[in-house]
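Participant: Residue numbers (the numbering used here), protein chains in the order written: chain A, 1 to 195; chain B, 1 to 187.
Each hint should be verified, as a subset may be incorrect.
Within a straight-line C-alpha distance of at most 20 Å, the following computed SDA-like cross-link-like pairs (lysine to any residue) qualify [claimed, not checked]:
hint	chain 1	residue 1	chain 2	residue 2
1	A	K10	A	L78
2	B	K153	B	E88
3	A	K90	B	E88
4	A	K90	B	R46
5	B	K186	A	R159
The hints are simulated quantities; they were obtained by calculation from the structure and are not laboratory data. Since this is a predicted model, take the numbers as computed values, not measurements.
So the chains spell out like this:
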Amino acid sequence: MLENTLLTGKLVRLAAIDPESAAPTLSKWRKNSEFDRLLDMDPATLFSPKAVREWTEKHLDDFLTHEFHIRAVEDDRLIGFVGLGGEQMKVHGDTFVGIGIGEPDFWGKGYGTEAMNLILQYAFMELNLQRVSLDVFEYNPRAIHSYEKAGFRIEGRQRKTMMREGKRWDVIYMGILREEWLEQYKSNSVSTRPE
Amino acid sequence: MDISASLFDGKQVRLGPIDHDKDFEIESRWTHDPSFMRMMEINPMRPLSVFQLKKKYEALEKEIDEQRNLFHFRIRAAADDRLVGFGELKWISWPNGAGYIRLGIGAGDDRRKGYGLEALGLLVRYAFAELNLYRLSASIPEYNTGALALFQKAGFQQEVCRRKALARDGRRWDATLFGLLADEWKA
């Protein structure tokens, strides 16, 4: 039998993107500069709901193909996004994952980690990828901890790549291989799933 | 180094602009050679005609003009201006002073003669002394042993090992990210 747990967890589910209804929320998140600076190496900047909607509509069928909105199971509230990208997905079976929890109330409570577990399941069990990669900034230890819990290993540090608040910071690279993920997936299923 | 020291001229090679009349015929031959293409590109090898290369470079020059974060140079033999390769500084993040570097020597006969090392030195100097970047990165597949040796020789440090990130010839290969900081280059 097939697993019917794809895209749905205990705390969150991964849902389709509706540009029009999501745009005001996505625009609001960007006003929190801390969120911007954890998410992106480019300068934090602001986008109107209109700009967000048009950009999302334009890219929904190209590089946002494997992008989802994260919704809290309890009340279906939109709390973040997660997606897979990169040109190397098809040929080399490697992808970069990007994730953001835009509502700070949901930081540090396992929502992001569960969303990451769901996108990994999607990457390995539905897209049949061989590897998932990410990079994360040195000043974001909460994210690094979450990624380690999801099974990612640190593969090195790109030294002093970023400049923020007058200081230079490393970018940390992490990766998880298909065989590593399968190992933890099997051991989890023993304890949590019916025979 | 001072202001009068040429940014573009080395002893064996020089950096030059694209020659739209002559370069593409030569480059088209390179694109048919797996020993070049599979080292330069992680995308599947695809030979390109002169027509396709003209279109490719038109798009590249448009990107250079609009994005302002990419510099493309032809590498030419200093003796006779013959095209031997190309080099690029790309994905430059100006607020962070960081960018990526790559280069290739096209014809098998022109490799292992020191052209690559000298061209890499010119590109690095351009990045640090003219663009005022703080760091350069390069991503090099495990199977490209020539480039691994070249970048190490030029002072780049191995920073990241992206395990089994690439698939070629029926197996998986690591990709190494290298980095060089302006402080290390000056020292």
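Participant: Indicate, hint by hint, whether the structure satisfies it.
Facilitator: Tested hints:
1. A:K10 <-> A:L78: holds (15 Å)
2. B:K153 <-> B:E88: holds (19 Å)
3. A:K90 <-> B:E88: At roughly 25 Å apart (the allowed maximum being 20 Å), E88 (chain B) and K90 (chain A) break the hint.
4. A:K90 <-> B:R46: Between K90 (chain A) and R46 (chain B) the Cα gap is close to 16 Å, so the pair holds against 20 Å.
5. B:K186 <-> A:R159: This hinted pair holds, its Cα atoms lying about 17 Å apart.
Comparing the model with each numbered hint stated earlier shows that hint 3 is the single one that does not hold.
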